[in-house]
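Kindly generate the complete structure, drawing on both the sequences and the hints.
Residue 9 in UniProt numbering sits at position 9 of the sequence shown, and the numbers go up by one each step.
Read the hints as simulated data drawn from the structure, not as lab findings. All values derive from a computational prediction rather than experimental measurement.
Have a look at the derived ranges for each label pair, beta carbon to beta carbon:
1. R119 with P75: 39 to 45 Å
2. L17 with L113: 57 to 63 Å
3. V15 with P79: 34 to 40 Å
4. L69 with V6: 16 to 22 Å
5. S123 with P79: 31 to 37 Å
6. A71 with S4: 19 to 25 Å
7. L48 with V86: 50 to 56 Å
For each residue, glycine too, the CB sits at the ideal point set by N, CA and C.
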Amino acid sequence: MATSPVARRLAIAGVCLLSLVLCCGLAWWQWEKFSSANGTFQNLGYVLQWPLFGLFPAFMFWRIRQLRLRAEAAPPQEPQEPAKPVRLPEPRVSREQPADPEDAELAAYNAYLAELAARDEESRK
Numbered sequence: 001m002a003t004s005p006v007a008r009r010l011a012i013a014g015v016c017l018l019s020l021v022l023c024c025g026l027a028w029w030q031w032e033k034f035s036s037a038n039g040t041f042q043n044l045g046y047v048l049q050w051p052l053f054g055l056f057p058a059f060m061f062w063r064i065r066q067l068r069l070r071a072e073a074a075p076p077q078e079p080q081e082p083a084k085p086v087r088l089p090e091p092r093v094s095r096e097q098p099a100d101p102e103d104a105e106l107a108a109y110n111a112y113l114a115e116l117a118a119r120d121e122e123s124r125k
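And the structure:
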């Protein structure tokens with residue numbers, strides 16, 4: 001079910017306005033708590049935070065619109081070729097083969113890691 005752009009914009013504006021009114025009401029409530037005898041500076045912090053929370057949906061809708069307009073204004077990009085996978089050399093295995101096949105895999109992996117570390121050390125020099 002498609003909605004018209006005008007109805008969608010009105011719904012967005014309504015949500016933003018409702019959010020702002022609700023959060024300003026919560027800020028007022030926190031101000032009343034801060035003004036009371038047992039109010040703390042934490043309540044004052046909430047007084048300053050609630051209006052920002054109320055403005056956040058409007059900011060997000062504005063930001064999304066700006067990004068959409070920027071994407072529509074940008075020239076279309078040509079599809080790029082996928083990157084070719086890097087082929088790593090086969091790891092060197094020590095001549096002593098362990099009896100257990102899992103140990104052989106672990107020894108090959110450790111030898112490969114040692115080779116990579118050596119290459120990394122050479123490239124840093």
